[in-house]
Structure formats: structure tokens, C-alpha cells
Amino acid sequence: MTAITSITAAQAQPQREHALDLFRQMVLIRRFEEKCAELYRAGKIHGFVHLYIGEEAIAAGAMQALAPDDAVVATYREHGHALVRGVPAPAVMAELYGKQEGCSRGRGGSMHLFDAATRFYGGNAIVGGGLPLAVGLALADRLARRPRVTACFFGEGAVAEGEFHECLNLSALWKLPVLFFCENNLYAMGTALGRSESETDLCLKASSYEIPAWPVDGMDVEACEDAARRAAAEVRGGGGPVFLEFRTYRFRAHSMFDPQLYRTKQEIDEWKKRDPILIYDGRLRESGLLDDDRLKRIEDGVAAEVQKAVDFAEAGTWEPVEDLTRFVYSERTRT
Amino acid sequence: MSAQEQTRPQTIHTTYREAMREAIRDALIRDPRVFLMGEDVGRYGGCFAVSKGLLEEFGPERIRDTPLSESAFVGAGIGAAMGGMRPIVEIMTVNFSLLALDQIVNNAATILHMSGGQFNIPLVIRMTTGAGRQLAAQHSHSLEGWYAHIPGIKVLAPATLEDARGMLWTALEDPDPVLIFEHGSLYNMEGELAADAGAVDIEHAAIRRPGSDLSLITYGGTLGKAMQAALELAAAGIDAEVLDLRTLRPLDNDAIVDSVTRTHRAVIIDEGWRSGSISAEISARIMEGTFYELDAPVQRVCSAEAPMPYPKHLEEAALPQVSVIVETARALVGKRD
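First to last, the sequence lines map onto chains A and B. Heads up: the first sequence is residues 100 to 434, going by my numbering. Heads up: the second sequence is residues -18 to 318, going by my numbering.
This is chain B alone, in the form it adopts within the complex (with noise of 0.2 Å):
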């Protein structure tokens, strides 16, 4: 072993963006069957700069720009994981991917189950969700919970650098649909991320931080914030535990109703809207496996029932904010001061 590699750091310092492109880099080095297609993906580097690089290093062949074509090149992925490819599919915003909402929910959600078993589609489309930068009403949304009302896809919800890491080459391996969304506001998300960071499981909820006195559930873009209200409350003498679900089709219901079980009060953050949502799904879950463990109703943490508005004092009003979240768990443990 050189001195050089001896004193090699065990972490490296990176960010979410930069751990997603590293994700993609390892896969289409790893399988010859993985290529990455969606709307300016190459030349332009991708939207979010995710890409940026690939094409120069993989050639057209393997980093392919699509047309505006939504419904085309999301099915092109369908029907190329058929035939025997393992495409990553990338989709600019998730507002976007309702162009393509055909293809996946009647085709890629159905065609196994439909065809008896005879053909799995071994997908992955990633896309950029969620709000906080004045994208307004046509770039801002969360519709993941959508997503994960449908059977025969799967669906991720990375929030730390070892996810964005690590979900892709797992989903990869996947032999079914799997939809990764990533939170528009973590691409610049900084941190440490081990030098040998590879694939994690996507079928666990995480535990972000253990307490007792009640559980902050959430995933993706709301994780911070939720980690944020978790030292604010600790401050005030409120231990609360942060579940970081992950993945949110399937959802990992032991560990929900574990956490639950031990806290005996829950409080849901969730970008979607409340009504009809996967906030919804949640506390309907805890209700049915932990009922006469609970201490106080469920409460909930959502964005305001409105298209997402331009201004920043009305976004942030709209969004789940770390005030509102502290607000809400100090009334259900009732310390409110």
C-alpha cells in the first residue's frame, strides 16, 4: 500500500447533486445495459446539472437527449427495459411527468401483472420534485404520494447524501418500476459522504434521530426540516425521534408502527397536500397498528391547499415550515409555553 493511499480520508466531502452523478458514473460503468435518456441530459448537462460531464464521457449512445416527448421517451424506457436494456430515465420537474402518466401508471404499473408474469420492466425514472425556490405553480409540486397509490411501481424518496448515493444502482437491480424523486431543494445539500459509499437497501425506513416523547415522520425535502424542529424541541426539553421513510411505495410499516409504539404520538411532515395524500395514508396505518398505543390524535404537517404561488412570503407560508412543525409537537406533548 503507497503512503498516498494510507492517508487516504475515509470520507470525501461532496453534495447531493454531486453523489446522484457519481450514482449514475458507477452504474453505466458497472452494467453495459444502463444508459440515461430525458430532456437535456447531455449537451446541457441536465436541468439540475446532475449529468454534467456524462455525455463527454459515455458518448451519445449512452447519454441520450430526447425530445420534448414526455409520453415517448418515458415509454421508450418501458419498452426498452422489456427488451432487455436497464434504462435510467430522467424527467426534468414531477409536474412534467404527468405527460407521461400513461405510460407509467397504464403500462409500466400493469404489464407484469397483466401479462401473468411474462414481462417485468426493470425501470428506473428519476425526477426532480418538490418546492422553496419561486418556481411557482407549474415546477413546485409534490406528487410523489401520487406515485405511491399505485401498485407494481416502486417509490423512493432519497433525503441524505447516502441515499442519493446509493438508492440508483439498488433500484437498478430492481426487476420492477422504480421511481426515485429527488427534492429540488437538496441538490446543493453539502456534507461528508464515505469514500466507499455504495448501494443501500430501499426497502427500510431510518431512524435520523432516536427519542421518545414522540415521532417527526417525513421523507425527502422535509427531512431537514424536520431535523431542525427535532434540536429546537430538544432545546425545550422534547425528545423527538425522526423517521425517515425512504421509500414510499412500499412503505415500511413495522417501522412506522415501531416508532409510534414507543412515542405514542406522531406528527407527519409532508410537502403534498393533505387531503388524499400519503399524510393521509400514514396516520390511516397508525390508526389501524398502533391505535390504543396512541397518547394523542395523529397531527399533520402539510402544504397549504393551494396551487404553490411565486412570491417567497406566500411559498413559505405554503410550505411546511420548522416553526409550524415545533408548534404542532409541542401542543401534542403538551408543553406548549
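Okay, chain A solo, but in the shape it has when bound (with noise of 0.2 Å):
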């Protein structure tokens, strides 16, 4: 990629700092992923909860092109969204639990990550549900002549929900400033692409609606941020909403009660060879920048972080029954 290999002396630091960043990003959702499973297996962790594992190369890279002010709208599979959005481990960790100190006071968990100070909206559980969210977050911007924009992550079974066509619609005769990621795992739960859709080709669909639309290796981490960085140049530019299709592969299950009867084995083999991890790590080590003992800090550094993030779930508290109707309506009268 050139993105390492053609540059300056002077650019090389902050560059190598950047790529090991991104690495960085990718292990600490895969490791707090993994602790996810282990929580749930231990009766500490309840309810729904969708890995992203295999799929991190999406939100570590795309997330990049973004800044603080703009706004996030992520679906049900979204902690590493959460994660490298700037939500803080402990507090997504906690919400997990259900402990009050959770990003959402505990009262979403895992579906429903929400955190007002980076701009993340949830945390949607609707297949897209989300997509309105954001065309009306970015139509704000636009009516406030704010020059942000709005992220919006869903997958690619949203497709055949009416929101998405209503929206990619919507957003683009208003040419507003939506970036619109879609993450094609190729499965909605257990349903096959070809076997739900009759045009499989999504930037064709989302081409129809007059949105440019590009297809991105969503297992490459520099893919994605180059990817993104060039929709989002082009959406801040006011030319309305950009289409990325992120391909991709969910290494588990779709959540955690699922005995994958839809899929082989070896095709699971298959796109494990392309972890994107794996891949960051080969390319990282070519370039120099990346060796067994940076590796090993960066997994301690990362453990560490996990670590602190159990811990203060732990620790955590539930919130009182008293307030269970605490936020049904807003406590302030006035707006």
C-alpha cells in the first residue's frame, strides 16, 4: 500500500504512528470481543450480543475519516464502532453488564451503545432503523449550515428494508450529508445475499438514486480509511451522500445463540485467511514498522485496557428501581 511506503522523512513518524494506531484499534476489538464471549459464557453478559469479529477493518479505518463534531448512527453490531468512535471501554464494558456507569446507564447493553459527548447515536436494533436517523442528523447540519457530517453504518440485510431505499432516496435529492457504510458480511443473520436479493450488486442499487457508490476490500484497515476519506471529502464538498460497500466477513456466529447451520466450515476457513488483522500485521512487518516485541506491548497495552474495562464493570453498580421511569420524558420543561 502507498500509503506507507511513498513518503517522506519528515511524514514517516506521525505516519508510523498512525498505522500502529490503526493496528492498535483493530486488536483492542478483537481482544475486548473475545472477553465479550467469555463474559457471556460466564453468566455475566445477558441478552443479545453480535461480534464484530473479522470485521474491524471497517470501523478502525472508516472511523478515521471522521472528525469529533461529525455525528455516528451504528446498528446492533456495533462495540468496535463505539470503541474507536472514543466511547470509552469501561463505559461500553459496563453497559454490557447493565451497570448504571454503562455508556446508556446500562438500559440499552449491547444492542443499544449510546454516548452524547462523541456524537455516537446508538446503538439501533431495527435493520435499518438507523438510516433515518442520520439523513435527518446530517438535514440539522445542512439547515444550521454546519459543515459536518453523519456516518451512518448498517449491513448489508438492510438492503432489502423500505428505510434504505426511502433514505438513499430522501438524502440524495437533498444532497445531504450522509456516508452512507455499509458492511457486507454476506449473511442478514442466516440469509444469503443472493437468496434475499434479486439484484446482489449494491453500489448498483445505491448508484439508481443518483449516490456515488464505490466497493472497498473491507478486510484491508488502509482500504477503508482511504475509502472513507475520499467519500467524506467528497460529501463535505456538498455533492450530498457517498455509498461505500464495505466486503467483509463475520468470523462468529451471528449472535450468540446461533449454530451456523447456514454456512460451511471451510468457507469460514477461507475468510479467516483473510483476518484483517492477520493482514495489517504482514503488511506492518514488511514495512519495518511492526515486530514480535512491538506486537507484544501493543497485546499487553491492549490486555490492559480490556482488564481496566472488566473491572470497572465490575465494580459497577445497578441503577436503583426507583428510577426505572427516569427518562421517559426529559426532566428539563424547557428547551
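No lab work stands behind these hints, which were simulated from the structure alone. These numbers come from a predicted model, not from an experiment. Using N, Cα and C, we set each Cβ at its ideal position, and we do this for glycine too. There may be inaccurate statements among the hints.
[What the hints assert, rightly or not] Which stretches of chain B does chain A cover? Using the computed rule of at least three CB atoms under 8 Å from a CB of chain A, they are: (1) 47 to 60; (2) 80 to 90; (3) 97 to 108.
Using the hints, put the two standalone chains together into the complex.
In C-alpha cells:
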């Protein structure tokens, strides 16, 4: 990848740090979620938990294109997005525990991570349900003349929903600053794309709404970053939304209750050869940016961060039952 | 003060439609964050002509015609509200709002609570409800009682010129999603409105006619029928109180219980179907709140349990009518002749 090899000496240090940071972000998501699976089995985490393992390159890469005051709308498979966006890992883990120190006060759980400080608008567990929110956030920016963008992550399953088509049309019609980031992991729960779509070319669907769209190797973190930066620059230029199809694969089950009868072990193993962390590890070593010693330091740092998150969640407290109906309505009366 | 100002009338003659339009106009002038969006609100002037002239006055940025994409534009209203705007979203009819039910119920009503209080949604959604215009089964239903089932949203039903003029601004000042149901038969209602009419409270029911023999409890499009029934009952020597609920969520429990505690009898008039309805909820609250004050079982006059039919005679038979309210009330107080 030219991003690493063709740089001047003056750029080398920040570039190197950035590359290692991308790598570290992916490792953080991976180890954080491996811990989630372990804690789920241990009965510490309940409900539905959807792991992002295998897809880390997309959140880690795409989120680089966003500024702090941009907005993010994500799905129920959003631990990785929240972590990369800067929602503190302890607050995410406490949320998974259901503790009131969690980023949604423990009320949302795995599928509903929210964080006002980083403009992270969920955590939406209705497939396609986040797209209209992203369109509206972008509309607010347009009306207030703010040069911000809204990134909307969703899976390829959402393209079968009416809301996908309504939102692509509306945002293109009004030229709203939305980044539609489609994470195509080939299966909507257990239904393969070809078994649910008459047209499986997702970029063609987006193009039919006059939205620039292109596919990205979702297993290559630098490709993800590069595409997202190009897309964001285009959107910030006022041309309206851009659609990216990140081609990826989920290594784990859909949720914790999935025997995976719909795909073969061979297929999973083939994709695991393209593990985004493995690929980037190799590339960084080739460039001389990573060696065993540095890898160990990254892994140790991440392990400590995950442990800190677990400790924080363990030490967290339960919201008092008396607070159950707080925030059904706002506590302030005027806005 | 000029002579002209001194002679300015205290009231203006207006319609429910014009009162609503003036409320929207006023909101657009008062708050630059307010904008109106929906199907045909701009160039067409609104399906019921409520927003006629507003596009010319405020321009296409603030009077936004949308595609026929209820889920997208209602959800965009939610997103825009979270993004700091104060959207007024118009849905043509309550039946069409079902296409946006996901956004209203799964997002607008949940996000404040689900986010632990981080994101409130100051959104107003207006829509037409109700029957009486021979529009058949997909344009005539009264589903506001359904919405009143949902915690996290507020449900208003302006039945008077004052409320048509005044509820919108209060709703826009509310930090949470507010749904306003405008009964289609009310738009042409004419009357006198105070020239300086403005915001009204959206927390309390209103006694539109005090009485002592029984309470007629209603809201929205059936308020006029209840008032007419009360007049006819008065002629028969029965003094009916008419309670206009105004807000269906949260219900003004105290007003309901107070009224029935004084009159000891209640008839609930609701254009919704009776099964699983807001009328059932009100009946239950009377039972819970003032059971021992009741002199007779609570009665209900609701729509027939059928999709709304097109022909006039069947539509009339399906809807609550003054004659049925009167008959029910008379039977209840034991003065049936």
C-alpha cells in the first residue's frame, strides 16, 4: 500500500504512529469482544450480543475520516464502532453488564450503545432503523449551515428494507451530508445475500439513486480508511451522500445463539485467511513497523485496557429500581 | 394609541384550519430552528390546505415537500430534532402514519430512556385523524388511542379553535416527541378566537360544560357531538358535564376522577373502536380512582367494530352519534321515557 511506502522522512513518524494506531484499534476490538464472549458464557453479560470479530478493519479505518463534531449512527453490532469513536472501553463494558456506569446508563445493553460526548447516536436494533436518523442529523447540519457529516453504518441485510430506499432517495434528493457505510458480511443473520436480493450488486442499487458508490475491501484497514476519507471529502464538498460497500465477513456466529447451519466451516476458514489483523500484521512487518517485541507491547497494552474495562464493569452499580421510569420523558421542561 | 388600534376587535372570526396555520406561522417566525416537512405541505399547500401560503412566505428550506416516504421523513424529523432543530412533521392521515410506526415507536419513544437520558427528541408530528367525510377504510380511522399506549411520546387532540391555535407552540417547547391529532371534520369549524390567542397548556383536561348529573368524557372530533348531546339532555332535565381530555398521553387522571366523583356517572365518547381502546383505559381509571362514587356502570359510545365503510348511511351508523350519546346518558340516569 502506497500510503506507508511512499512517504517523506518528515512524514514518517506520524504516518508510522497512525499505522500502528489503526492496528492497535483492531486488536482492541478483537480482544474486547473475545472477552465479551467469555463473559457471556460466564453469565456476566446477557441478552443478545453480536460480535464484530472479522469486521474490525471497517470501523477502525472508516472512523478515521470523521472529525470530533461529526455524528455516527450504528447498528446492534456496534461495540467496535463505539470503541474506535472514542466511547471509553470501561463505559462500553459496564453497559454490556447493565451497570449504571455504562454509556447508556445500563439501559441499552450491547445493542444500544449511546454517547453524547462523541456524538454516537446508537446502537439501533431495528435493521434499517438508523438510516432515517442519520438523514435527519445531516438535515439539521444542512439547515444550521454546519460543515459536518453523519456516518451511518448498516449491514447488507438493511438494503432489503424500505427505509434503505427511502433514505437513499431522500438524502440524494436533498444532497445531504451522509456517509452510507454498508458492511456487507454476506449474511443477514442466516440468509445469504443471493437468497434475499434480486440484484446483489449493492453499489448499483445506490447508484440508481444518483449516489456515488464503490466497493471497498473491508478486510484491509488502509483501504477502508482511504475510501472513507475520499467519500467524506466528497460529502463535505456539498455534493450529497456517498455510499461505500465494505466487503467483509463475520468470523463468529450472528449472535450467541447461532449454530451456523447456513454456512460451511470451509467457507469460514477461507475467509479467516484474510483476517484483517493478520493481513495488517504482515504488512506492518514487511514495512519494518512491527516486530514481535512491539506486537507484545501492543497486546499487553490492549489486555490491560480490556482488564480495566472489566474491572470497571464489575465494580459498577445497578441503577436503583426507583429510577426505572426516569427519562421516559425529559426532566427539564423547556428547551 | 391610534384610533384604529383602539377600535380593533378583541376577537377574530376564524376557522380551525386558519388557527392551525397561524400557529405554524407563528412558530416559524418565533424560532429559526422550526421547519415544516411532509407530503405536499409546500407547493400543494397541504392536503387539507393548512400550510397554504407558507412556502411563499418562508421558502423551500423551511417548508419542505417530501417524497412519499413516511418512515424516512418522520425518522429524519427525529434525527433533525436530535441535531438541534425543532421540526414539525406533517403526516397526511393517521392511516399513513402506520408506515412510520417503526420510527415513532422504536426510535422517537425509546431513545431518551434507552440512552440513559442523553438524547431527547423535541419533535412535533401533526396528522389528520377520524372519519365523517366518506373516505372509507384507509383514510378514516382514529388510532390516536393506539399512540396513547406508548410511553415516551405525548398525544394531543385539539378540539377547539383555542387549542388549534395554542397547542403547537407548547408542543414545540416540549423537550420530547409530541403527536398532534387533528380531526378532519374540524378544519372547517368556524368561530371567534381571541385576537391575542397564543400558547395553551397541554397538561390538563378542560370542562367545556359544567354539569352535575353525569360526565360526558371525550376529546377531538367528538367534542362537538358531546356538547350537542348535553344541550339535548338539558332540555330533558339532565345536567351533563362535558370533559374535553385534550391530551391523551399523559391522561389528566385527576380531572377524570374529579368529574366523575362529582357526577357519579360517566359516558365516554370515542371515535376509536372500543376493544383495547383509550375509552377502555379511561373506564379502568374511573374504576380504579372513584369506584365507590359510581352510581352506575361506566358506559361507552364508540365506533362500530368494523373498518370504516364508504356509503354515508353506513359511515354514520359506524360513528358515535348525538342520538346514541343522548340515549345512553338517559338510560344511565334512569330518565328514559
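Each hint tested on the structure:
{"no.": "1", "hint": "47 to 60", "in the structure": "holds (count 12)"}
{"no.": "2", "hint": "80 to 90", "in the structure": "holds (count 4)"}
{"no.": "3", "hint": "97 to 108", "in the structure": "holds (count 6)"}
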